[in-house]
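Chemist: So the protein lines, in turn, are chains Z and F.
Residue numbering for the first sequence follows this note's numbering, beginning at 3 and increasing consecutively.
Residue numbering for the second sequence follows this note's numbering, beginning at 22 and increasing consecutively.
The hints are simulated quantities; they were obtained by calculation from the structure and are not laboratory data.
Only a predicted model underlies this, so the values are computations on that prediction, with no experimental measurement involved.
Some hints could be false.
Unchecked claim - With a straight-line cut-off of 16 Å between C-alpha atoms, the simulated EDC-like cross-links for lysine to aspartate or glutamate are:
| # | chain 1 | residue 1 | chain 2 | residue 2 |
| --- | --- | --- | --- | --- |
| 1 | F | Lys99 | Z | Asp53 |
| 2 | F | Lys99 | Z | Glu14 |
| 3 | F | Lys83 | F | Asp170 |
| 4 | F | Lys165 | Z | Glu14 |
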Amino acid sequence: MIRILYFGQIAEAVGKSEELVDAKVFDAGVRAYFETKYPVLVSLSYRIAIDREIREELLAGEQPNEISLLPPFAGG
Amino acid sequence: MRFHYYRLLLEANEKNMKNCFKEGPISPAFIAESIAHHQVKTNIGAHQIFLGQVRKDRIGEKDVQAIEYSAHEEMANKEFHAIREEAFEKFDLTCMHIYHSIGTVQVGEICLFVFVSSAHRKSAQVAIEFLVEAIKIRVPVFGKEVFADQTHVWKVNK
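Isolated chain Z, as found in the complex:
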């Protein structure tokens, strides 16, 4: 199972900060999966991090530990 982490405005929009999903749910694409499951995400801005590295798609057969949805950064 992959640990999914939601942050800030994204966590607020999907109503949770964490969940577990099976790797096969991403067969049609990572962003596509999240936006089908949570249509509210279509209108929000966010970046995807796979195993703490900003990138959009899984490599063939990849089983990451963690996928994070990161809204716009606001540090400082």
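Assemble the complex: chain Z is given as a structure, and chain F must be docked to it using the hints.
Modeler: What follows is chain F alone, placed relative to chain Z:
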């Protein structure tokens, strides 16, 4: 064997990674103490300090009262670490400290403290600019701007 060695190195590196987050605001006393700690480092000739302060922004009809910071802390610390390494490589620095708030910081309080020191002023001056810009753009920190009536908006760095 080789893999094992590589993993040990990796783990050591992660352990060396500092936690740059401080719960709540960064106190002026803490900043003063940090300055005092550098008096023994007599090869230093210049310090540059950047302090980020939570601004009472007026959004619509309401004033921001506080920012609640959250972060992907492991990713953020990894990025702070990478930014530090880059700065040490680019500029001739003696030392460097970065502290960012996590949790609630009221308007007027300090949420970011960046402190660089070098032998001569120029290195510290250019490094501080690089560091602050990199932190704002690259570190996954999120800010909820909270109003007096407890409603909020999400802050986005320009």
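Chemist: It remains to establish, for every hint, whether it holds in the given structure.
Modeler: Hint check:
1. F:Lys99 with Z:Asp53: holds, 12 Å
2. F:Lys99 with Z:Glu14: violated, 25 Å
3. F:Lys83 with F:Asp170: Holds: lysine 83 of chain F and aspartate 170 of chain F sit about 9 Å apart, inside 16 Å.
4. F:Lys165 with Z:Glu14: holds, 11 Å
Of the hints listed earlier, the one the structure fails to meet is number 2.
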